[in-house]
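> Given next are the chains, with one letter for each unit.
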Amino acid sequence: AQKVTQAQTEISVVEKEDVTLDCVYETRDTTYYLFWYKQPPSGELVFLIRRNSFDEQNEISGRYSWNFQKSTSSFNFTITASQVVDSAVYFCALSSRGSQGNLIFGKGTKLSVKP
Amino acid sequence: AAGVIQSPRHLIKEKRETATLKCYPIPRHDTVYWYQQGPGQDPQFLISFYEKMQSDKGSIPDRFSAQQFSDYHSELNMSSLELGDSALYFCASSKTGVNTEAFFGQGTRLTVV
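Sequence order for the protein chains is A and B.
First residue of the first sequence: 1, per my numbering; consecutive thereafter.
First residue of the second sequence: 1, per my numbering; consecutive thereafter.
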């Protein structure tokens with residue numbers, strides 16, 4: 001069975017702090033895709049990153065970085081120097097389809113960044 | 001750039017009524033996905049269509065049906081609405097192929113009273 005676990009339900013930080021959101025996944029597929037989405041209070045789902053199972057390179061995009069480790073089945077997301085606008089619910093998701101088909105989402109982590 | 005368009009954005013229905021949600025994918029996208037997100041929950045995959053044929057099915061209730069039309073837009077029909085159907089319904093679209101990402105619409109918030 002496939003499963004995504006985001007153990008942190010809520011995290012609260014003060015602006016400019018670094019914060020890491022954890023994601024652990026389970027799958028028996030050898031080819032799979034991992035994603036992170038941001039859902040601000042307005043409700044839309046904003047795509048942040050996709051990583052396939054063959055690419056373990058870490059990625060950095062501005063203040064965002066992602067650490068993919070197959071050995072621990074983890075795909076963690078770090079925000080450096082957090083800002084109030086980063087406040088949102090962040091979802092980690094898994095798909096074994098070639099593209100984003102049947103996505104299995106984690107329960108989400110609600111991040112609150114206080115000024 | 002054109003995005004996925006969902007209509008209506010908000011919908012209020014009474015119990016036992018029917019509702020139809022519409023999704024207009026990004027031009028040249030051939031696959032559409034529907035998700036349901038209950039209050040405080042994660043999105044749950046309902047159903048998807050590729051080239052107007054159902055391609056995958058998730059936890060979609062029998063009271064719900066969906067289809068994709070020749071212009072690739074999709075409609076989610078929901079009958080005998082229940083209070084528990086109150087949720088945010090997302091549509092996403094993608095162009096079939098490896099390493100293609102899906103783009104989500106802004107969602108339709110359905111409230112059943």
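These aren't lab readings, by the way, just hints derived from the structure by calculation.
All of these numbers come straight from a predicted model, not from anything done at the bench.
Some hints here could point you the wrong way.
EDC-like mimics (lysine to aspartate or glutamate), calculated; alpha carbons at most 20 angstroms apart, straight line [stated by the list, open to error]:
#1 38/A / 101/B
#2 3/A / 56/B
#3 70/A / 29/A
#4 57/B / 29/A
#5 70/A / 86/A
#6 110/A / 10/A
#7 15/B / 51/B
#8 114/A / 29/A
#9 22/B / 44/A
#10 114/A / 86/A
#11 110/A / 18/A
#12 114/A / 26/A
#13 95/B / 62/B
#14 107/A / 85/B
#15 16/A / 29/A
> Each of the hints needs a verdict: does it hold here or not?
Results for each hint:
For the suggested pair residue 38/A and residue 101/B, the alpha carbons sit about 15 angstroms apart, so the restraint of at most 20 angstroms is met. Our distance criterion of 20 angstroms between C-alpha atoms is met by residue 3/A and residue 56/B, whose separation comes to about 18 angstroms. Restraint check for residue 70/A and residue 29/A: satisfied, since their Cα atoms lie roughly 12 angstroms apart, inside the 20 angstroms limit. Pair hint residue 57/B plus residue 29/A holds up; C-alpha atoms about 19 angstroms apart against a cutoff of 20 angstroms.
The hinted pair formed by residue 70/A and residue 86/A fails the criterion: a straight-line CA distance of about 27 angstroms is larger than 20 angstroms. Proximity of residue 110/A to residue 10/A is assessed by CA-CA distance (about 5 angstroms); at most 20 angstroms being required, the pair is judged to hold. Distance hint between residue 15/B and residue 51/B is unfulfilled; the C-alpha atoms sit about 33 angstroms from each other, more than 20 angstroms. Simply put, residue 114/A and residue 29/A have alpha-carbon atoms about 40 angstroms apart, too far for the 20 angstroms limit, and the pair is violated.
Taking the CA atoms of residue 22/B and residue 44/A, the gap is about 16 angstroms. The hint holds against a cut of 20 angstroms. Among the hinted pairs, residue 114/A with residue 86/A is consistent with the structure: their alpha-carbon atoms are about 10 angstroms apart, no more than 20 angstroms. Restraint check for residue 110/A and residue 18/A: satisfied, since their Cα atoms lie roughly 15 angstroms apart, inside the 20 angstroms limit. Our distance criterion of 20 angstroms between C-alpha atoms is broken by residue 114/A and residue 26/A, whose separation comes to about 33 angstroms.
Restraint check: the Cα-Cα separation between residue 95/B and residue 62/B comes to about 28 angstroms, which exceeds 20 angstroms; the hinted pair is violated. A hinted pair counts as satisfied when its Cα atoms are at most 20 angstroms apart, and residue 107/A with residue 85/B qualifies at roughly 19 angstroms. With a C-alpha separation of about 38 angstroms, the suggested pair residue 16/A and residue 29/A falls outside the 20 angstroms cut-off, and the hint is violated.
Checked against the numbered hints above, the structure breaks hints 5, 7, 8, 12, 13, 15 and satisfies the rest.
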